[in-house]
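Visitor: Residue-level listing of the chains:
Protein chains: 2
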Amino acid sequence: MPTLDVKKKEVASKKVKPSGLPICEYQERGHKWVLENQTKEVVQREHNSGILVVEVTDPKQQVYMFHCNNVTVQIKGGKFKSMIVDSCENCNVVFDTVISSFEMVNCKKIQVQTTGICPVFGIDKTIGCTMFLSEQTLGITQFTTSHSGEMNVSFPDGSGDQKEVPIPEQFVHKLVNGSVVSEVSELYH
Amino acid sequence: MPTLDVKKKEVASKKVKPSGLPICEYQERGHKWVLENQTKEVVQREHNSGILVVEVTDPKQQVYMFHCNNVTVQIKGGKFKSMIVDSCENCNVVFDTVISSFEMVNCKKIQVQTTGICPVFGIDKTIGCTMFLSEQTLGITQFTTSHSGEMNVSFPDGSGDQKEVPIPEQFVHKLVNGSVVSEVSELYH
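From first to last, the protein sequence lines stand for chains A and B.
All residue numbers for the first sequence refer to our numbering, where the first residue is 1 and numbers rise by one.
All residue numbers for the second sequence refer to our numbering, where the first residue is 1 and numbers rise by one.
Treat each hint with caution, since some may be false.
BS3-like mimics (lysine-lysine), calculated; alpha carbons at most 30 angstroms apart, straight line [stated by the list, open to error]: (1) B:Lys32 x A:Lys174; (2) B:Lys109 x A:Lys108; (3) A:Lys125 x B:Lys125.
I should point out that these hints are in silico values taken from the structure, not numbers from a laboratory.
Model the full structure from these sequences, guided by the hints.
Guide: So this is what it looks like as structure tokens:
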């Protein structure tokens with residue numbers, strides 16, 4: 001059935017497909033770890049592992065992850081400044097603590113776990129992300145969202161169980177005395 | 001400079017470019033007006049006018065506008081059921097009253113004016129829309145938004161002037177006693 005084939009091709013072409021050379025390097029200038037075009041196959045071949053491990057050595061360091069697909073990244077070494085995940089799909093990231101924020105932009109299907117503290121998760125133009133919080137960061141973490149959907153947060157509920165709740169993606173606005181008053185859609189009530 | 005040319009081409013290819021045959025017809029089944037692949041040039045050629053006028057004749061009628069670019073549509077005849085603007089760019093729509101809603105999805109740069117009443121504007125996956133409200137609909141209209149940005153609402157401020165305010169697109173969420181509490185970003189405070 002040629003029609004079906006064409007449709008499949010179209011859908012596939014919209015996915016994030018790493019094309020350039022894989023990069024995993026530390027750049028002195030900017031104190032920045034750069035991970036680009038990483039895939040499960042690249043990590044397996046170059047690191048002989050299912051997990052790409054990055055070892056931060058200074059709280060000033062940042063991590064920038066770009067154009068990666070189907071890869072699990074673990075940031076070891078404790079506290080670091082911030083992390084940006086840009087144009088990635090089907091990726092998992094585990095880290096301990098970031099000082100400022102963990103941001104996702106133009107992503108699909110990202111899972112992130114903080115085992116320490118993450119003050120802010122920034123989510124922009126992203127469809128599908130789940131954030132796993134530690135007990136420790138539970139009362140601290142804020143989520144800043146725009147142009148995004150299918151967001152969930154999973155956290156220990158205090159009685160030994162894990163709880164998952166959605167982050168609202170639909171809002172209702174009204175004009176009241178010339179100002180806009182915004183509320184979460186009643187989908188979430 | 002060939003590099004610049006390539007970039008220009010890339011940007012242009014992302015625009016909504018009507019490709020199929022232009023359609024402007026009333027479908028008995030579904031009581032639906034269908035406008036597809038309309039452009040300024042098509043409207044000028046086929047209707048000898050700068051404005052595509054659709055005349056609704058029954059409140060049961062709906063209007064579906066798809067894949068149009070750089071076109072101004074006026075819905076005459078008063079009250080009708082609803083309108084959907086799907087995958088359109090740089091379009092203007094003027095109508096009197098819809099009974100249920102006016103929806104935009106996958107659009108860019110749309111201007112809409114209601115001269116009567118519009119209970120709900122639904123905005124999904126849309127960047128850039130301005131809604132011009134009548135005095136009459138001011139206290140009634142709600143805006144339901146998701147995955148969208150650059151939204152504005154313009155309305156008579158009661159003293160003869162027009163006022164324009166942005167509709168928030170960034171939100172901040174926190175976990176409070178195991179539930180998500182959401183607020184408009186402080187950008188809008």
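Visitor: Taking the hints in turn, state whether each one holds.
Guide: Here is what the structure says about each hint:
1. With a C-alpha separation of about 29 angstroms, the suggested pair Lys32 of chain B and Lys174 of chain A falls inside the 30 angstroms cut-off, and the hint holds.
2. With a C-alpha separation of about 25 angstroms, the suggested pairing of Lys109 of chain B with Lys108 of chain A holds against the 30 angstroms cut-off.
3. Distance check on the hinted pair: Lys125 of chain A and Lys125 of chain B sit about 10 angstroms apart at the alpha-carbon level, within 30 angstroms; holds.
Checked against the numbered hints above, the structure breaks none of them.
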